[in-house]
Amino acid sequence: MNNKLQINKLYTLSSENRKFSFSVPLKNKIRIGKRDYIVQLKSDDKFGTYILWKNRKYPVEIIKSRQNKYEILFNDISYTFTVETPFSLQRMKVLSSKKGKVEQELIKAPMPGKLIDILVREGANILRGEPMLILEAMKMQNEILSPVNGKVIKVHAKANTNVMKDDVLVEIKVE
Amino acid sequence: MKIKKILVANRGEIAIRIMKTARKMNIRTVAVKTSFEPFAMYLSFADEIYDICENPSEIPVFLDIEKIISIALETGANALHPGYGFLAENAYFAQKCIDNKIIFIGPSPDAIYKMGNKTIARRLALKNKIPMAIGSDGNISDVEEATTIASKIGYPVIIKAASGGGGRGMRIVRQVEEMEKMFLIASKEAEKAFKDPSVFIEKYIENPKHIEFQILGDTKGNIIHLGERECSIQRKHQKLLEEAPSYALDKNLRNKMGEMAVRIARAVNYYSAGTVEFLLDADRNFYFMEMNTRIQVEHPVTEIVTGIDLIEQQIRIASGEVLKFGQEDIKIKGWAIECRINAEDVQAGFAPDPGKIEKLILPDDPYVRVDTGIREGSAIVANFDSMIAKIIVSGKNRKEAITNCKLALDKVWIKGTKTTLPFFRLLVRNQNFQDGNFTTAFIEKDLDKYFYYSEYEEMLAAWFATKLFIEENLLVDSINVDFENGKEMSPWLLNKRMSQF
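Taken in order, these protein sequences are the chains called A and B.
Quick note on numbering: the working numbering labels position 112 of the first sequence as 112, and the sequence is numbered without any gaps.
Quick note on numbering: the working numbering labels position 290 of the second sequence as 465, and the sequence is numbered without any gaps.
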């Protein structure tokens, strides 16, 4: 029980490989840029269950939950997340690094935006789930994670440049 | 003859739409209560309810000609409004009403029959010099004939069901090799859907705009048009968003197309409300496609920009009144956009998502009109269409209408099923849509995904998933929740905990 509470961080991964990290205990504030915004889970007869954020209500529902996998309906869109502890994330990385087949993986921009930071260099080894780039879109910084374990063979991305959706940013040789 | 009581042979939002106008005109209405949805919202808008729940049947009563006629006679309704779908474009049914001295609120059986049969409609259009895609003179009897004609007019061609409509029973053929297969598929589909395997062939117009004209005619031969609607935003020939007027038309083209629409209506001595559909190509050539002899789902956008209640006009015309306005009196004012909010999963290719509507809050701003037959607790049942509501938004111009649309969409609150809302949220943010730069191929060709969500929304959803994980895994044995947010524990978890005691 007590050691469970020693977990101080959780990583929530979307099915499209976006990674969100949250501290434990979970704060009801989310930082965007330099400001904290309060997020609240509420429920009443009129609206049902909803999330209140920046004075706007968003309908929210659980579609499915199984172990650490959650399918959430939020504002009419369904999302699938897996919630990982630092330990389970590490285990996942180790497990996936043991499988191996040689092929190339192209990392494309998931949305148009501005590249803020490039975290990988050509020739570097990279693990699945490791952030490679930071892309700013709609004033929010998004980490682009490596979907595979491998070696970075080409970095097309340059910091402080704008990219279009589906632009190839990084090429990885899968290991 | 004066209409005193109308049997509304329909359900859902269109039944309510008809009953609202009838009430305004001091006409009584009868609704039919079916076992499919005995608690449906439309029932509470009628003056009388005819209950057939005790005799449930597989097919909806709204398709049962004998039963509907007998209900009208039994309830003393001297008129009947068919709405859209069901028996609305059934010439035999319209004639049956007349035979039983029930006023059919719609056009003559003859007009329904002629426009319903696409080969007859084509011949009429040809005879009246209405621009039309070149094609076969009549029905095609076999694959050989189809191949001969197609090679004459040039590929691509489209095979259409003679008795079809509403986008069903159509097949595009791009090369001669596909002809045999497509011909057989189209013919089979036509037989299944319309009980008539006959098909005809037309030149296929690539990437057109769908432009339709609203027609009103009275029984004295006055026929006018109420301008156009653009319905190019469609998927698999099913309309999703309609607007009036169209960005693609100027005054000249509007007059020219409107004139042709009136001319084809005149060819069948059309009365009541009707819609003439055209395709408009990139060079602004237009082609007559078909005429729909009913009130249409998208009629509200025309009502908003013309200020004319189309149901009221249908009722007046059916009781023999003469149109009180002429073509010169029709002024198009402002812009209107209709979004069809359906219970469909846009993340799963618009698959229907029937279910119970648990929460429903609809916008009530002055720039929004909502036509719906659904309320909290209603079920979207598989037997009927998946429509939840039509959100009809107006503005003084297209830009303002789109802005208002964006606002209105964010005020719609639906829980219980997935909906087409994320699709419309995407659409109103799309540059090509905003610029009026789209055709019927827009959804298939211009969009790489069918839904919108902001990055914040995904993050908030992730926050919610994380919260659930913490409550279910890290706090599970702890009664004394002492976290700063512990008091905001999710209701599901609370229920789960309670049930453990």
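None of these hints come from the bench; they were simulated from the model.
A portion of the hints provided could be inaccurate.
Rough simulated footprint, nothing fancy, chain B against chain A, three-plus residues with beta-carbon under 8 Å [unchecked claim]:
| hint | segment |
| --- | --- |
| 1 | 45–52 |
| 2 | 87–95 |
| 3 | 117–129 |
| 4 | 148–159 |
Straight-line alpha carbon distances no greater than 25 Å define the calculated SDA-like cross-link-like pairs of lysine to any residue that follow [stated by the list, open to error]:
| hint | chain 1 | residue 1 | chain 2 | residue 2 |
| --- | --- | --- | --- | --- |
| 5 | B | 378 | B | 581 |
| 6 | A | 46 | B | 541 |
| 7 | B | 581 | A | 32 |
Beta-carbon label-pair distances, calculated as ranges [to be verified]:
| hint | chain 1 | residue 1 | chain 2 | residue 2 | range |
| --- | --- | --- | --- | --- | --- |
| 8 | A | 153 | B | 327 | 52 to 58 Å |
| 9 | A | 45 | B | 558 | 50 to 56 Å |
| 10 | A | 33 | B | 222 | 34 to 40 Å |
| 11 | A | 147 | B | 487 | 22 to 28 Å |
The beta carbon of each residue, even a glycine, is placed where N, CA and C say it ideally should be.
Tested hints:
1. 45–52: holds (count 5)
2. 87–95: violated (count 0)
3. 117–129: violated (count 0)
4. 148–159: violated (count 0)
5. 378/B with 581/B: Violated, because 38 Å separates the two Cα atoms, which is more than 25 Å.
6. 46/A with 541/B: holds, 22 Å
7. 581/B with 32/A: Holds, at roughly 24 Å.
8. 153/A with 327/B: 52 to 58 Å: 56 Å Cβ-Cβ, so the 52 to 58 Å window holds.
9. 45/A with 558/B: 50 to 56 Å: violated, 30 Å
10. 33/A with 222/B: 34 to 40 Å: About 59 Å separates the Cβ atoms of residue 33/A and residue 222/B, which means 34 to 40 Å is violated.
11. 147/A with 487/B: 22 to 28 Å: Because 60 Å falls outside the window, the suggested range is violated.
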